[in-house]
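Asks: Those sequence lines, one after another, are chains G and U.
So the first sequence is numbered by the working numbering: it starts at 4 and just counts up by one.
So the second sequence is numbered by the working numbering: it starts at 3 and just counts up by one.
Hint data in this document are derived by calculation from the structure and do not stem from the laboratory.
Any given hint might turn out to be false.
Claimed, not checked - Straight line, CA to CA, 25 Å or less: simulated DSS-like cross-link-like pairs of lysine-lysine:
| id | chain 1 | residue 1 | chain 2 | residue 2 |
| --- | --- | --- | --- | --- |
| 1 | G | K95 | U | K20 |
| 2 | G | K48 | U | K57 |
| 3 | G | K48 | U | K5 |
As the structure is a prediction and not an experimental result, all values here were calculated from the model.
What follows is each chain in one-letter form.
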Amino acid sequence: RKEVEQDPGPFNVPEGATVAFNCTYSNSASQSFFWYRQDCRKEPKLLMSVYSSGNEDGRFTAQLNRASQYISLLIRDSKLSDSATYLCVVNKHYGGSQGNLIFGKGTKLSVKP
Amino acid sequence: DVKVTQSSRYLVKRTGEKVFLECVQDMDHENMFWYRQDPGLGLRLIYFSYDVKMKEKGDIPEGYSVSREKKERFSLILESASTNQTSMYLCASSLEDEAFFGQGTRLTVV
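Just chain G, with the same shape it has in the complex (with noise of 0.2 Å):
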């Protein structure tokens, strides 16, 4: 199993729409989950952090199932600016370091009018 799996997309919806975007990880020791934002041919920009208890900013919702041990992304309201990549990353320990952050491969968004 993939440290990091994403459905690779591409996810092609109206504007508007509502669309989610799954991620599994396989180290059950990972503690800290992430959504990153990818512009094309730009570098990955945090987008938000996930929390056992969920959160929400604005049209978007991150939660996160340790049990099952996946991620999801919901955003509300679809706008035409969401058009990127978001990355599902985790952070992962080597060692005695702090940890480490393991990205996912990206999931492909395209918002059309």
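Starting from the known structure of chain G, arrange chain U on it as the hints suggest.
Replies: Just chain U now, kept in the frame of chain G:
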């Protein structure tokens, strides 16, 4: 604003050349990383460093080395560039868990 700066946006090198990719961050972060990103393979960790002069291998360290002589600077070295090292290289630094990326260096080895 955190700034992570990579020395070049685009680079073309010949097979067998020694290549240096430089990365500088201005936020006094302990952790710095080098990734490469290829279509269909996503971001893969090459090396990371959590302190000056400390380095750890990531998932694909073969053919690369790194140097961290100062906290703000993390260099990636391709000892003898090969065509399969043609890729987008991304440097990042982190405070706790959030990583901040540089704009990337697109390296082509011919």
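Asks: All hints, please: hold or fail.
Replies: Here's how the hints hold up against the structure:
Straight-line distance between C-alpha atoms of K95/G and K20/U comes to about 31 Å, which puts the hinted pair past the 25 Å bound. For the hint linking K48/G to K57/U, the alpha-carbon distance of about 24 Å falls within 25 Å, and the restraint holds. Restraint check: the Cα-Cα separation between K48/G and K5/U comes to about 12 Å, which is no more than 25 Å; the hinted pair holds.
Going through the hint list in order, the structure does not satisfy hint 1, though it satisfies all others.
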